[in-house]
Amino acid sequence: MERKMCRLLGLIASKPVDIEFSLGKFVEKFSMSNPDGWGIGWYENGHPKIFKEGIRARSEKSLKLSREVMSHIIIAHVRKGSGAPPSKRNSHPFAYKNWLFAHNGVCDREYLLQLLNSEYKREIEGETDSEVYFYWILQCIEESEDFEEGVKKAIEEVAKKSYGGLNFLLSDGERLYSFRYSKYAEDYYSLFFLKRDPSEPGLFEFTSDETKALLRSKSLKGEKAVLVCSEKLTKEKWEKIELGQMLIIEPDLSVREAQIISP
Numbered sequence: 001m002e003r004k005m006c007r008l009l010g011l012i013a014s015k016p017v018d019i020e021f022s023l024g025k026f027v028e029k030f031s032m033s034n035p036d037g038w039g040i041g042w043y044e045n046g047h048p049k050i051f052k053e054g055i056r057a058r059s060e061k062s063l064k065l066s067r068e069v070m071s072h073i074i075i076a077h078v079r080k081g082s083g084a085p086p087s088k089r090n091s092h093p094f095a096y097k098n099w100l101f102a103h104n105g106v107c108d109r110e111y112l113l114q115l116l117n118s119e120y121k122r123e124i125e126g127e128t129d130s131e132v133y134f135y136w137i138l139q140c141i142e143e144s145e146d147f148e149e150g151v152k153k154a155i156e157e158v159a160k161k162s163y164g165g166l167n168f169l170l171s172d173g174e175r176l177y178s179f180r181y182s183k184y185a186e187d188y189y190s191l192f193f194l195k196r197d198p199s200e201p202g203l204f205e206f207t208s209d210e211t212k213a214l215l216r217s218k219s220l221k222g223e224k225a226v227l228v229c230s231e232k233l234t235k236e237k238w239e240k241i242e243l244g245q246m247l248i249i250e251p252d253l254s255v256r257e258a259q260i261i262s263p
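So that you can map any letter, position 239 of the sequence shown is 239 in my numbering, and since no number is skipped, the others follow by simple counting.
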């Protein structure tokens, strides 16, 4: 199964912060092999908002490569996929009710589609396995009395069929959840998290080595926050999320680890 170069970035802060997420340097570096899409999700007044685009060609004049938002939670995603065509509907993140979701990896779309009830099937807009994976997780959470048990049920079912990476970022508007699991290429399907204490006010800026995506904030540097990313973005003390492990980051930024499935 071919792996996709999709990278994840999540952030939860002690209060809303300004965030600029830009993909301009990615397109400069990979001008002959553009990303198939990118997007950023955030919350306004408790409701999820999304800006995302499918990228078909660098020459598209209408293409927007950056977005500025103000939120206490963001989920950003860069997609370089196979199969589903580049389009806005196939780009991440996805939103449903109060949920935001982005995925890095591959799973059996048709198998999961057969398991979805009619309510969630009606919500599907694109052709990706990731969108179906999202609704399958929500369905399992809804059917379970316990959130973690719901996620465990979802992952165990996905793992019965062919899959690659099952990494995801998920938020309900209050918490940020991060899960890591893969069948192969463990180093590629990585996830790290960083607990940041406030430092001196000033511009907070870093660039992804892999995607050249830029994250910039004027207020984040002075706020307490937890970041989750597919790579270590700074020289600070990032911690690895282990295989099969889900990170639950609460509104007070406390972090708890739950083993969802054995490595």
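It is possible that some hints are incorrect.
Stated by the list, open to error - Result set (BS3-like, lysine-lysine): computed pairs, CA atoms no more than 27 Å apart in a straight line:
{"#": "1", "residue 1": "K161", "residue 2": "K195"}
{"#": "2", "residue 1": "K224", "residue 2": "K80"}
{"#": "3", "residue 1": "K237", "residue 2": "K195"}
{"#": "4", "residue 1": "K161", "residue 2": "K80"}
{"#": "5", "residue 1": "K237", "residue 2": "K221"}
{"#": "6", "residue 1": "K183", "residue 2": "K97"}
{"#": "7", "residue 1": "K183", "residue 2": "K152"}
{"#": "8", "residue 1": "K15", "residue 2": "K183"}
{"#": "9", "residue 1": "K221", "residue 2": "K80"}
{"#": "10", "residue 1": "K183", "residue 2": "K221"}
{"#": "11", "residue 1": "K232", "residue 2": "K218"}
{"#": "12", "residue 1": "K160", "residue 2": "K195"}
{"#": "13", "residue 1": "K218", "residue 2": "K15"}
{"#": "14", "residue 1": "K218", "residue 2": "K237"}
{"#": "15", "residue 1": "K237", "residue 2": "K153"}
{"#": "16", "residue 1": "K161", "residue 2": "K49"}
{"#": "17", "residue 1": "K221", "residue 2": "K232"}
{"#": "18", "residue 1": "K221", "residue 2": "K153"}
{"#": "19", "residue 1": "K224", "residue 2": "K235"}
{"#": "20", "residue 1": "K240", "residue 2": "K221"}
{"#": "21", "residue 1": "K49", "residue 2": "K121"}
{"#": "22", "residue 1": "K195", "residue 2": "K232"}
{"#": "23", "residue 1": "K121", "residue 2": "K15"}
{"#": "24", "residue 1": "K183", "residue 2": "K153"}
{"#": "25", "residue 1": "K97", "residue 2": "K49"}
{"#": "26", "residue 1": "K218", "residue 2": "K152"}
{"#": "27", "residue 1": "K183", "residue 2": "K224"}
{"#": "28", "residue 1": "K195", "residue 2": "K235"}
{"#": "29", "residue 1": "K153", "residue 2": "K15"}
{"#": "30", "residue 1": "K235", "residue 2": "K221"}
{"#": "31", "residue 1": "K224", "residue 2": "K49"}
{"#": "32", "residue 1": "K97", "residue 2": "K121"}
{"#": "33", "residue 1": "K224", "residue 2": "K237"}
{"#": "34", "residue 1": "K15", "residue 2": "K80"}
Said to hold, decoys possible - Pairwise CB distance ranges (calculated):
{"#": "35", "residue 1": "E142", "residue 2": "D252", "range": "24 to 32 Å"}
{"#": "36", "residue 1": "E125", "residue 2": "P198", "range": "37 to 45 Å"}
{"#": "37", "residue 1": "E157", "residue 2": "E242", "range": "19 to 27 Å"}
{"#": "38", "residue 1": "K121", "residue 2": "E236", "range": "19 to 27 Å"}
{"#": "39", "residue 1": "E236", "residue 2": "E157", "range": "30 to 38 Å"}
Read the hints as simulated data drawn from the structure, not as lab findings.
In this text, all values refer to a predicted model and were calculated from it rather than measured experimentally.
We put the beta carbon where it would ideally sit given N, CA and C, even for glycine.
Results for each hint:
Distance restraint check for K161 and K195: the Cα-Cα separation of roughly 35 Å exceeds the 27 Å cut-off, and the hinted pair is therefore not satisfied. Our distance criterion of 27 Å between C-alpha atoms is broken by K224 and K80, whose separation comes to about 32 Å. Between K237 and K195, the direct Cα distance comes to roughly 8 Å. Compliance with the 27 Å bound is thereby established for this hinted pair. With a C-alpha separation of about 23 Å, the suggested pairing of K161 with K80 holds against the 27 Å cut-off.
A hinted pair counts as satisfied when its Cα atoms are at most 27 Å apart, and K237 with K221 qualifies at roughly 16 Å. Restraint check for K183 and K97: the C-alpha separation of about 31 Å exceeds 27 Å, so the hint is violated. Taking the CA atoms of K183 and K152, the gap is about 16 Å. The hint holds against a cut of 27 Å. Proximity of K15 to K183 is assessed by CA-CA distance (about 37 Å); at most 27 Å being required, the pair is judged violated.
About 30 Å separates the Cα atoms of K221 and K80, which puts this hinted pair outside 27 Å; it is violated. Pair hint K183 plus K221 does not hold up; C-alpha atoms about 36 Å apart against a cutoff of 27 Å. A distance of roughly 20 Å separates the Cα atoms of K232 and K218; the hinted pair therefore holds under the 27 Å criterion. As the CA atoms of K160 and K195 are separated by approximately 34 Å, the hinted pair breaks the 27 Å bound.
Between K218 and K15 the alpha-carbon distance is near 13 Å, which keeps this suggested pair within the 27 Å criterion. The suggested pairing of K218 with K237 holds, with an alpha-carbon distance near 21 Å, which does not exceed 27 Å. For the hint linking K237 to K153, the alpha-carbon distance of about 32 Å lies beyond 27 Å, and the restraint is violated. Straight-line distance between C-alpha atoms of K161 and K49 comes to about 32 Å, which puts the hinted pair past the 27 Å bound.
Distance hint between K221 and K232 is fulfilled; the C-alpha atoms sit about 17 Å from each other, no more than 27 Å. Our distance criterion of 27 Å between C-alpha atoms is broken by K221 and K153, whose separation comes to about 38 Å. For the proposed pair K224 and K235, the alpha carbon gap of about 17 Å is at most 27 Å, so the pair holds. Restraint check for K240 and K221: satisfied, since their Cα atoms lie roughly 22 Å apart, inside the 27 Å limit.
Taken as a hint, the K49 and K121 pair is honoured in the structure, with Cα atoms around 21 Å apart against an allowance of 27 Å. Between the alpha carbons of K195 and K232 the distance comes to roughly 12 Å, so the proposed pair stays at or under 27 Å and holds. Taken as a hint, the K121 and K15 pair is broken in the structure, with Cα atoms around 35 Å apart against an allowance of 27 Å. Using a Cα cut-off of 27 Å, the hinted pair K183 and K153 holds, with the two alpha carbons roughly 17 Å apart.
Distance hint between K97 and K49 is fulfilled; the C-alpha atoms sit about 10 Å from each other, no more than 27 Å. Restraint check for K218 and K152: not satisfied, since their Cα atoms lie roughly 38 Å apart, outside the 27 Å limit. Restraint check for K183 and K224: not satisfied, since their Cα atoms lie roughly 34 Å apart, outside the 27 Å limit. Of the supplied pair hints, the one linking K195 and K235 holds, its CA atoms being roughly 13 Å apart against a limit of 27 Å.
Of the supplied pair hints, the one linking K153 and K15 is violated, its CA atoms being roughly 33 Å apart against a limit of 27 Å. Distance hint between K235 and K221 is fulfilled; the C-alpha atoms sit about 15 Å from each other, no more than 27 Å. The suggested pairing of K224 with K49 holds, with an alpha-carbon distance near 23 Å, which does not exceed 27 Å. Distance hint between K97 and K121 is fulfilled; the C-alpha atoms sit about 15 Å from each other, no more than 27 Å.
Between K224 and K237, the direct Cα distance comes to roughly 15 Å. Compliance with the 27 Å bound is thereby established for this hinted pair. A threshold of 27 Å between alpha carbons decides the hint, and for K15 with K80 the separation of about 32 Å lies outside it, so the pair is violated. Hint check: E142 to D252, Cβ distance near 26 Å, so the stated range 24 to 32 Å holds. Distance hint check: the CB atoms of E125 and P198 are about 40 Å apart, consistent with the given range 37 to 45 Å.
A C-beta distance of roughly 21 Å is found between E157 and E242, which places it inside the suggested range of 19 to 27 Å. Judged by the Cβ atoms, the range 19 to 27 Å given for K121 and E236 is violated: they are separated by roughly 43 Å. Take E236 and E157: their Cβ atoms lie about 37 Å apart, and the range 30 to 38 Å holds.
Consistency note: the structure conflicts with the earlier hints numbered 1, 2, 6, 8, 9, 10, 12, 15, 16, 18, 23, 26, 27, 29, 34, 38.
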